[in-house]
Structures are given as structure tokens and as C-alpha cells.
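Asks: Just need the whole structure built from these sequences, with the hints factored in.
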Amino acid sequence: MNGMCREGNALGALELLEKMEEKGCSPNSCTYNTLLHGLCKRKLLGRGIELYGVMKAGGMKLETGSYGTFVRALCRNGRVAEAYEVFDYAVESKSLTDVAAYSTLESTLKWLKK
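So the sequence shown is residues 55 to 168, counted in our numbering.
Since the hints were derived computationally from the structure, they do not count as laboratory data.
Don't be surprised by glycine CBs; every beta carbon is placed ideally from N, CA and C.
A few of these clues could be false.
Said to hold, decoys possible - What follows is a list of derived Cβ distance ranges for each label pair:
1) Glu139 with Gly78: 29 to 39 Å
2) Trp165 with Lys73: 33 to 43 Å
3) Lys77 with Gly132: 30 to 40 Å
4) Leu163 with Lys77: 38 to 48 Å
5) Lys77 with Gly113: 19 to 29 Å
6) Ser80 with Glu160: 33 to 43 Å
As the list claims (entries may be wrong) - In silico DMTMM-like links for lysine to aspartate or glutamate, alpha-carbon gap of 25 Å or less:
7) Lys110 with Glu75
8) Lys115 with Glu75
9) Lys73 with Glu117
10) Lys95 with Glu136
11) Lys110 with Asp142
12) Lys110 with Glu72
13) Lys95 with Glu72
14) Lys115 with Glu69
15) Lys115 with Asp142
16) Lys110 with Glu139
17) Lys110 with Glu69
18) Lys164 with Glu146
19) Lys164 with Asp142
20) Lys97 with Glu139
21) Lys73 with Glu104
22) Lys97 with Glu61
Replies: This is the structure in C-alpha cells:
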């Protein structure tokens with residue numbers, strides 16, 4: 055899955071996830087983090103948001119870098135309120151967020167004020 059995402063085939067990786075689930079394999083947070091990162095890099099934000107919802111509903115947390123990637127992708131696509139919610143959830147759930155995620159959110163809010 056990681057190789058597929060690195061090669062830009064995030065949709066293929068998403069199909070692989072679906073096949074895994076059909077065969078009774080339960081994906082872990084590492085699988086979801088890899089896929090979310092790949093979807094954001096390919097600008098497939100809608101799919102990323104869906105996947106994040108599945109992760110959150112399953113009680114899984116993003117890795118620090120994935121929070122940053124997801125927050126940046128949301129901000130770049132004008133979805134600042136959702137980016138703030140993701141960041142806020144990370145803080146509330148005691149997940150570590152990186153400085154880049156905070157900086158992205160802060161600079162986007164400053165830009166919107168202008």
C-alpha cells in the first residue's frame with residue numbers, strides 16, 4: 055500500500071484496502087495513515103475526509119505527520135473550519151501535532167483576515 059501511494063496510485067491503494075476488508079483483514083492505524091497521506095498528496099481530499107471519518111469512528115488516531123498533512127490539505131482547499139476541527143480533535147485526544155500543522159492553520163487564518 056505504501057509503495058502504491060508513493061507511486062501516485064492512491065486510488066489503487068484504496069481499492070486494496072477495500073479488498074483487505076472484504077477478506078476479513080482489519081486495517082490498522084498505520085494502514086490508514088499511509089492511505090490518508092497518499093490521498094492528500096494526490097489531491098483526493100474528499101476521499102481523505104471520508105477515510106478520516108472512518109478512522110475517527112473506529113477510535114484510531116493519526117500519526118503526527120499525518121495530522122500535519124491533513125491540516126495543510128484542508129487549508130489549501132479552503133476548508134479551514136474542518137482543518138481547525140481536525141487540529142482541535144488532535145489536541146483534545148492528546149495526539150501530538152507538529153508545528154507545521156499549527157503554523158499552516160495560523161498562516162491561513164491570518165491570510166483570511168486580510
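Asks: Under the constraints set out in the numbered hints, which ones does this structure not fulfil?
Replies: Every hint satisfied by this model.
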